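Enquirer: Protein sequences appear in the order of chains W and V. Quick note on numbering: the first sequence equals residues 1 to 416 in the UniProt record's numbering. Quick note on numbering: the second sequence equals residues 1 to 416 in the UniProt record's numbering.
Since the hints were made in silico from the structure, they are not lab data. A couple of the hints might just be wrong.
Identical copies go unnamed one by one, so any copy, or any two together, can satisfy a pair.
[Unchecked claim] List of simulated lysine-lysine pairs, DSSO-like, C-alpha gap at most 27 Å: (1) 308 x 249; (2) 185 x 353; (3) 52 x 353; (4) 347 x 185; (5) 384 x 43; (6) 43 x 10; (7) 384 x 358; (8) 308 x 52; (9) 82 x 133; (10) 57 x 82; (11) 43 x 368; (12) 384 x 57; (13) 43 x 185; (14) 131 x 185; (15) 358 x 10.
These numbers come from a predicted model, not from an experiment.
Protein chains: 2
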Amino acid sequence: MGSLGPYQRKHKITVVGSGNWGCAIAKIVAENAASNPAIFEEKVEMWVFEEKVEISKTSRHYDPSSPLCQGPQNLTDVINEKHENIKYLPGITLPSNLHANPSLVDAVKDSTILVFNLPHQFIIKTCEQIKGKILPYARGISCIKGVDVNEEGIHLFSETIGKILGIYCGALSGANIASEVALEKWSESSIAYDPPHMDSKAPSPNRSPSTSTENLVQFEHKDVSGQLSQVKLQALPSDYPPVDHAVLKSLFHRPYFHIRVVSDVAGVSLGGALKNVVALAAGWVDGMGWGDNAKAAIMRVGLLEMVKFGEKFFGATINTRTFTEESAGVADLITSCSGGRNFRCAKLSIERKQSIEKVEETELNGQKLQGTLTAVEVNNFLKKQGLEEEFPLLTAVYRVLEGSMSVEDIPSYIER
Amino acid sequence: MGSLGPYQRKHKITVVGSGNWGCAIAKIVAENAASNPAIFEEKVEMWVFEEKVEISKTSRHYDPSSPLCQGPQNLTDVINEKHENIKYLPGITLPSNLHANPSLVDAVKDSTILVFNLPHQFIIKTCEQIKGKILPYARGISCIKGVDVNEEGIHLFSETIGKILGIYCGALSGANIASEVALEKWSESSIAYDPPHMDSKAPSPNRSPSTSTENLVQFEHKDVSGQLSQVKLQALPSDYPPVDHAVLKSLFHRPYFHIRVVSDVAGVSLGGALKNVVALAAGWVDGMGWGDNAKAAIMRVGLLEMVKFGEKFFGATINTRTFTEESAGVADLITSCSGGRNFRCAKLSIERKQSIEKVEETELNGQKLQGTLTAVEVNNFLKKQGLEEEFPLLTAVYRVLEGSMSVEDIPSYIER
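Sequences and hints are given; from them, build the entire structure.
Expert: In structure tokens form, the structure reads like this:
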């Protein structure tokens with residue numbers, strides 16, 4: 001790493017978002033920027049939604065003589081001076097070359113690689129704010145789990161970002177519980193990155209041949225709903241190291257965070273959505289006390305339906321081995337069915353004989369479960385396609401949620 | 001089910017073996033024999049290695065006036081009168097049409113379907129005892145998990161049984177903890193069954209075209225070591241329902257025990273062996289406190305190496321989707337890495353800072369772990385082939401066991 005040739009310019013990195021997963025990823029990226037000085041600028045920007053925080057008297061950072069400890073302070077100031085996001089990732093020291101920036105526009109300015117890591121309800125608004133204010137040849141990586149499913153089709157968050165900003169955006173997803181990654185406990189993740197070839201010789205199967213001018217490539221992309229979009233991509237100037245699989249690995253791979261870079265953006269993104277639905281069923285079955293055999297059976301059927309869903313709705317643009325071989329597939333499914341919040345809340349809902357909404361309320365502090373939302377969205381989509389029966393587990397989860405099926409009925413229903 | 005046509009004869013079933021898994025399977029088979037009277041004889045034989053047992057005063061079967069409660073009794077007598085194997089599967093009522101038979105030869109006499117379910121060290125001796133004393137056109141199903149690996153090659157237990165007895169034998173394996181199956185907790189299992197076509201029109205890829213006489217088919221089978229064996233199979237008389245996937249499903253499928261019948265005997269058998277090696281690594285990682293991400297990463301790499309092992313050594317005779325789609329593959333791996341004994345002992349060995357042999361001694365009552373044996377056997381085989389480096393997780397497990405690698409080294413070693 002670090003010996004990618006003598007380029008005159010270096011990549012500037014910005015992380016957009018600073019929740020617990022945002023900070024964990026920013027920590028990794030900043031560590032790698034510092035240790036690969038031939039490729040990356042040392043200073044990494046992180047956009048932080050500014051808010052007031054207070055360093056408590058029991059904190060390791062408390063110092064009665066410090067101005068930072070005199071009442072409420074800006075979160076960015078605390079991060080930049082104490083190198084810790086005391087609100088969203090307390091206890092973890094962030095690298096000193098990571099700069100918290102309260103200005104979104106200033107944070108992304110001049111950056112060639114933008115890492116998006118924020119709750120998905122904020123994606124569109126955030127992208128609209130920086131549209132036209134980023135380098136036209138920037139590249140993105142979306143760390144936002146899942147996909148956006150509605151009756152009409154399935155949209156990848158990476159595509160939404162790319163379309164608004166007019167850039168190419170890949171995806172990162174995997175068996176990653178943020179707190180464990182932040183503590184540098186060993187884990188793996190998948191990055192999917194497959195931009196159109198700027199020499200336009202080998203178009204991907206989901207794109208029509210592109211036409212290129214000196215530094216502009218235009219390509220057509222057809223999403224799962226059949227919607228065609230035209231994207232104009234600007235080539236990266238040749239004095240930067242090319243943003244390829246090797247550079248992305250240099251940016252995200254750590255001794256405790258092992259990266260495999262693949263080309264299947266849809267597969268990597270889809271796994272992160274569907275596994276939450278499967279995790280609900282696994283939680284119910286576990287809550288029933290049906291044991292490890294039954295839970296493993298649910299996960300097997302879930303994996304099978306993930307593969308089938310990919311084959312059916314993405315065809316040749318997806319590699320079904322992503323689900324069975326990559327961290328974003330089977331490993332993320334396993335983690336989510338072990339201790340993820342969808343699994344836990346579903347299990348509690350059986351044990352306490354409460355609705356899952358009730359458990360959400362008492363356990364999640366007002367946050368909503370991703371799995372229940374996705375189950376409804378996926379069901380609306382399948383229903384519209386007339387394909388509910390072909391995905392019995394995904395359908396069963398929806399029906400249990402809406403109350404038309406009981407957990408006891410799942411085994412016989414998914415058997416067919 | 002049950003409407004397979006008006007055959008004049010019915011299949012007689014014998015279960016060879018009566019441990020906890022033997023009895024759980026015998027219970028299923030006897031339930032199905034009773035509910036499919038058009039296909040199966042109602043009475044199912046189970047061979048029981050005779051021993052003396054005593055009904056304790058606290059037992060629900062204790063009746064001071066019963067002769068069965070006067071001191072030590074034959075296990076078979078207790079099973080036949082109380083319908084419970086009080087020694088190996090206590091608390092579970094066995095069907096009244098299941099007959100415990102202390103005579104191996106008498107138990108298998110006239111049976112058309114033999115279900116083998118006994119510890120693998122007894123397979124050869126048991127088969128030798130009944131060789132020539134079974135119906136020449138009988139068919140077998142081996143419920144013995146795993147495969148027999150040595151330096152020379154990999155042998156399936158089903159093939160060993162078939163070769164000694166001169167019959168065709170398939171395999172059953174899956175995510176099945178015996179005690180949970182016995183309690184009728186829902187689970188799934190895989191049966192693999194792919195006998196040569198008796199009309200010899202469509203030989204399987206691992207067999208040369210067979211020559212058939214009126215009721216005899218001779219086929220050649222080449223195992224993974226390249227060893228060629230000739231088997232003469234006698235056709236089932238046409239007044240029996242053919243032993244096919246539908247009949248096997250009728251015999252093993254229950255509302256609480258869902259069966260998928262496939263043709264990949266090698267895949268179904270291999271999964272049951274290799275997952276135990278992976279479970280050791282998962283146990284170590286869990287014992288280290290590395291969290292769910294790390295455990296999922298180990299399982300992902302394990303699944304990948306299972307697929308690769310199958311592809312490499314079984315080529316076209318194996319279906320790699322067996323590992324990623326069937327209960328005998330990914331689901332059994334998940335169950336084994338959740339609470340299986342290999343997982344538990346490996347985890348304890350880290351937590352107690354003891355060797356795994358020491359944990360075996362204190363936890364398993366003199367029994368040996370399957371995973372440690374298989375890890376050594378697989379490593380001998382890989383070493384002989386010069387392929388240790390291509391299977392880094394399987395190799396790492398062996399090296400940790402022999403003391404030349406530490407658990408801390410596993411992540412970086414398997415990364416390559």
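Enquirer: How would you classify residue 384 and residue 358 at a CA-CA limit of 27 Å: within, between, both, or neither?
Expert: Close neither inside one copy (29 Å) nor across copies (59 Å); limit 27 Å.
Enquirer: Classify it for me, residue 43 with residue 368: is the Cα-Cα distance of at most 27 Å met within a copy, between copies, both or neither?
Expert: neither (35 Å within a copy, 55 Å between copies)
Enquirer: Evaluate residue 347 and residue 185 at a C-alpha cut-off of 27 Å and name the case that applies: within, between, both or neither.
Expert: both (26 Å within a copy, 17 Å between copies)
Enquirer: At most 27 Å between C-alpha atoms: does residue 131 with residue 185 qualify within a copy, between copies, both, or neither?
Expert: Cα proximity of residue 131 and residue 185: none, with 36 Å in one copy and 55 Å across.
Enquirer: First find the shortest C-alpha distance between residue 308 and residue 249 inside one copy, then the shortest across copies, and answer within, between, both or neither for a cut-off of 27 Å.
Expert: between (29 Å within a copy, 24 Å between copies)
Enquirer: Within a copy, between copies, both or neither: which one fits residue 358 and residue 10 at a CA-CA cutoff of 27 Å?
Expert: neither (50 Å within a copy, 55 Å between copies)
Enquirer: Using 27 Å as the alpha-carbon threshold, which applies to residue 308 and residue 52: within, between, both, or neither?
Expert: neither (47 Å within a copy, 53 Å between copies)
Enquirer: Tell me, please, which holds for residue 384 and residue 43 at an alpha-carbon limit of 27 Å: within, between, both or neither?
Expert: Answer is neither: 48 Å inside a copy and 51 Å across each miss the 27 Å cutoff.
Enquirer: If the cutoff is 27 Å on CA atoms, where do residue 185 and residue 353 land: within, between, both or neither? Let me know, please.
Expert: between (35 Å within a copy, 20 Å between copies)
Enquirer: First find the shortest C-alpha distance between residue 384 and residue 57 inside one copy, then the shortest across copies, and answer within, between, both or neither for a cut-off of 27 Å.
Expert: neither (56 Å within a copy, 63 Å between copies)
Enquirer: Within a copy, between copies, both or neither: which one fits residue 82 and residue 133 at a CA-CA cutoff of 27 Å?
Expert: neither (30 Å within a copy, 81 Å between copies)
Enquirer: Pop the pair residue 57 and residue 82 into one bin, within, between, both or neither, using alpha-carbon distances up to 27 Å.
Expert: Within one copy only: 15 Å inside a chain, 69 Å across chains, cut-off 27 Å.
Of the numbered hints listed earlier, those contradicted by the structure are 3, 5, 7, 8, 9, 11, 12, 14 and 15.
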